[in-house]
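Asker: Hey, can you work out the whole structure from these sequences and the hints?
Okay, here's what each chain looks like letter by letter:
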Amino acid sequence: MVPMSWYLALGAVLFTIGAVSVIVKRDILSMLLAIELMLNSVNLTLVTFSSYFRELSGQILVFFVMVVAAAEAGVGLAIVVLLFRNRQTVDVDQASMLKL
Amino acid sequence: MNIMLLIQAKPDWQVLAQDAARLLMPEMLVILFACFVLVLEFMLTPEQRRWAAYLSLAGLGAAGLSLALMFVKFTTAEVGFYEMVVVDGFALVFKVIFLLAAIFTIALSIKFLDVENEQRGEYYSLILFATAGMMFMASGADLLSIFISFELMALTTYILVAYLKRDRRSNEAAMKYFLLGIFSSGIFLYGMSLIYGLTAETNLTKIADTLARLARQQAPQATGFVAMAGMIFIAAAMFFKIAAVPFHMWCPDAYEGAPTSVTAFMSVGPKAAAFAIFARIFIDGLPGLRGDLTGESFGWVGLLAIVSALTMTWGNIAALTQNSAKRLMAYSSISHAGYLLLGLIAGNETGYIGLVIYLFVYVFMNLGAWGVIVAQRRASILGERVDDFNGLIHRSPGMAVMMTIFLLSLTGIPPTAGFVGKYFLFAGLIETGNAWLIALCVLAVINTAISLYYYARFIKAMFMSDVKEEEPLALSTSLRATLVTATVMVLLVGVYPRPFIAFTENATRHLLGL
Chain A
366 MVPMSWYLAL GAVLFTIGAV SVIVKRDILS MLLAIELMLN SVNLTLVTFS
416 SYFRELSGQI LVFFVMVVAA AEAGVGLAIV VLLFRNRQTV DVDQASMLKL
Chain B
9 MNIMLLIQAK PDWQVLAQDA ARLLMPEMLV ILFACFVLVL EFMLTPEQRR
59 WAAYLSLAGL GAAGLSLALM FVKFTTAEVG FYEMVVVDGF ALVFKVIFLL
109 AAIFTIALSI KFLDVENEQR GEYYSLILFA TAGMMFMASG ADLLSIFISF
159 ELMALTTYIL VAYLKRDRRS NEAAMKYFLL GIFSSGIFLY GMSLIYGLTA
209 ETNLTKIADT LARLARQQAP QATGFVAMAG MIFIAAAMFF KIAAVPFHMW
259 CPDAYEGAPT SVTAFMSVGP KAAAFAIFAR IFIDGLPGLR GDLTGESFGW
309 VGLLAIVSAL TMTWGNIAAL TQNSAKRLMA YSSISHAGYL LLGLIAGNET
359 GYIGLVIYLF VYVFMNLGAW GVIVAQRRAS ILGERVDDFN GLIHRSPGMA
409 VMMTIFLLSL TGIPPTAGFV GKYFLFAGLI ETGNAWLIAL CVLAVINTAI
459 SLYYYARFIK AMFMSDVKEE EPLALSTSLR ATLVTATVMV LLVGVYPRPF
509 IAFTENATRH LLGL
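Protein chains in written order, with our numbering: chain A, 366 to 465; chain B, 9 to 522.
Keep in mind the hints are simulated off the structure, nothing from the lab.
Some clues are possibly wrong.
Said to hold, decoys possible - Mimicking SDA-like on lysine to any residue, the simulated pairs with C-alpha atoms at most 25 Å apart in a straight line are: (1) 214/B - 84/B; (2) 468/B - 444/B; (3) 214/B - 413/A; (4) 214/B - 419/A; (5) 81/B - 517/B; (6) 390/A - 449/A; (7) 390/A - 446/A; (8) 173/B - 394/A; (9) 214/B - 421/A; (10) 214/B - 418/A; (11) 390/A - 377/A; (12) 214/B - 425/A; (13) 173/B - 439/A; (14) 390/A - 254/B; (15) 173/B - 451/A; (16) 390/A - 452/A; (17) 390/A - 375/A; (18) 390/A - 192/B; (19) 173/B - 387/B; (20) 214/B - 427/A; (21) 81/B - 91/B; (22) 390/A - 258/B; (23) 214/B - 369/A; (24) 214/B - 428/A.
If you're wondering where the values come from, they're calculated on a predicted model, not measured in any experiment.
Answerer: Shown next, in the form of structure tokens:
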């Protein structure tokens with residue numbers, strides 16, 4: 366059997382990849398994908414702990430996270446469509462009307 | 009554990025229905041009206057569209073009445089829905105704050121949406137859904153219920169920011185707010201999964217018990233490390249939500265690009281809700297990780313102190329050079345998040361009273377100030393620059409005076425409500441007697457002085473600059489009523505704070521574990 370620490374390490378690595386990609390990537394669709402990766406790494410961690418403790422609430426939490434991720438994707442893609450319709454690009458650097 | 013019960017036992021719908029009627033009446037009313045407003049939208053002709061707003065106000069009023077009944081009925085905390093939801097003084101006081109914020113926002117929005125030519129029922133429906141989410145947040149006793157209700161609030165707010173579909177600034181603000189918002193949700197979830205991995209619990213009080221037990225058992229050092237990492241992840245996500253430095257980047261952009269009425273809502277409602285779960289998670293769930301400032305143990309109080317100092321200072325310094333009124337108020341709201349953190353850092357009764365009463369009066373003073381900015385929006389004028397306030401005293405003297413009162417209150421000058429809030433926040437720090445915290449208090453006072461400078465820019469523009477146009481502003485009745493109520497409340501809390509302090513003590517009793 367694969368030890369628990371491997372799953373946890375995989376979760377941590379996926380989370381880091383997701384977080385770094387959000388910061389580094391410059392187009393919205395890739396950023397959305399990276400955020401999905403972060404949420405899925407959380408799911409992996411939760412399921413690992415849940416099966417280790419033989420306790421269900423972690424797995425139920427995963428279902429809720431998945432539902433929320435789906436809702437977020439819906440809203441996020443709607444915003445991307447709006448943005449694309451108004452300016453024909455999905456590059457975040459082009460979205461600079463509001464300057465720092 | 010609780011969820012196991014839920015699955016194994018026969019679902020007792022009667023118990024759940026009773027719980028719902030007993031604990032969640034205000035939330036259910038808000039959600040019911042939100043759905044109804046959404047459907048009603050399709051039955052109205054364009055001239056009747058305002059009825060959606062009046063109906064939402066009626067719904068919020070009904071929720072307010074049922075909340076008043078709960079104030080009478082509940083003397084102790086009650087838990088329901090398999091320990092997912094708790095109704096105590098803390099939750100009730102915050103629900104009052106959210107309802108007030110929603111009512112004021114809707115009153116501000118009616119004419120604004122007419123000017124923008126976007127008068128639609130879904131706007132009001134979304135505000136009601138966000139309010140329901142915030143009310144559930146204040147009642148959340150479990151990381152799961154807190155997360156779900158938080159997402160209900162956040163998702164509706166993203167849509168509200170993007171509400172002006174044809175306005176590119178609104179799209180852009182929504183994109184930035186959305187991306188950073190779900191990014192921080194991901195961070196929150198990871199912190200949550202670490203805490204769950206340590207304790208096998210998602211209920212806040214049980215987490216606190218388990219962590220305390222682990223600490224007593226001299227658990228291996230890795231345990232402490234994981235708990236600390238989980239705490240830092242959750243704290244980082246919370247800093248995002250309240251727009252604390254260094255996680256504040258989204259705030260000025262989102263506030264500037266969003267429709268002004270939505271900005272007014274965001275700066276009060278979701279911010280207060282984020283502070284509610286911040287206090288709930290850290291004081292109920294992670295009290296063992298509090299640490300102290302003597303240097304012996306690092307914990308969240310040290311982290312919060314550093315972030316608070318940075319937030320106040322950076323928010324105020326960045327506000328100095330802004331020309332856009334909306335951006336200026338955004339940085340001002342960042343610095344206010346810094347002041348509010350002081351209440352959690354002090355961790356005594358005075359500090360907690362300061363936190364809650366400041367959030368309470370912030371509804372009036374901040375929504376009042378935003379209401380004046382909303383009123384500047386006319387057919388062809390955006391009215392978002394500080395210059396647009398030039399000579400307001402000649403055009404609308406009443407509004408100029410009210411804006412001055414709001415700004416003085418935001419600075420914290422007596423006899424306004426802001427002074428009462430700041431007094432308790434600062435006094436809480438001094439009561440602790442810790443040299444570092446007293447230094448932090450001095451920094452906060454210096455920051456208050458800095459903030460007077462940029463608030464005074466509005467006052468100078470309104471009273472001393474030349475008039476650009478003579479025409480007085482045409483105010484809707486609801487906007488005028490909102491501004492007058494806010495002014496009266498700001499002065500009333502400032503002059504006679506005692507009943508309001510007694511009101512907030514309902515909430516602080518819980519935080520102190522009494």
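Asker: Take the hints in turn and mark each one as holding or not.
Answerer: Now the hints, each set against the structure:
{"no.": "1", "hint": "214/B - 84/B", "verdict": "holds, 19 Å"}
{"no.": "2", "hint": "468/B - 444/B", "verdict": "violated, 36 Å"}
{"no.": "3", "hint": "214/B - 413/A", "verdict": "holds, 20 Å"}
{"no.": "4", "hint": "214/B - 419/A", "verdict": "holds, 17 Å"}
{"no.": "5", "hint": "81/B - 517/B", "verdict": "holds, 17 Å"}
{"no.": "6", "hint": "390/A - 449/A", "verdict": "holds, 17 Å"}
{"no.": "7", "hint": "390/A - 446/A", "verdict": "holds, 19 Å"}
{"no.": "8", "hint": "173/B - 394/A", "verdict": "holds, 20 Å"}
{"no.": "9", "hint": "214/B - 421/A", "verdict": "holds, 16 Å"}
{"no.": "10", "hint": "214/B - 418/A", "verdict": "holds, 15 Å"}
{"no.": "11", "hint": "390/A - 377/A", "verdict": "holds, 19 Å"}
{"no.": "12", "hint": "214/B - 425/A", "verdict": "holds, 18 Å"}
{"no.": "13", "hint": "173/B - 439/A", "verdict": "holds, 16 Å"}
{"no.": "14", "hint": "390/A - 254/B", "verdict": "holds, 20 Å"}
{"no.": "15", "hint": "173/B - 451/A", "verdict": "holds, 9 Å"}
{"no.": "16", "hint": "390/A - 452/A", "verdict": "holds, 19 Å"}
{"no.": "17", "hint": "390/A - 375/A", "verdict": "holds, 21 Å"}
{"no.": "18", "hint": "390/A - 192/B", "verdict": "holds, 17 Å"}
{"no.": "19", "hint": "173/B - 387/B", "verdict": "holds, 18 Å"}
{"no.": "20", "hint": "214/B - 427/A", "verdict": "holds, 20 Å"}
{"no.": "21", "hint": "81/B - 91/B", "verdict": "holds, 20 Å"}
{"no.": "22", "hint": "390/A - 258/B", "verdict": "holds, 17 Å"}
{"no.": "23", "hint": "214/B - 369/A", "verdict": "holds, 24 Å"}
{"no.": "24", "hint": "214/B - 428/A", "verdict": "holds, 22 Å"}
Of the numbered hints listed earlier, the single one contradicted by the structure is hint 2.
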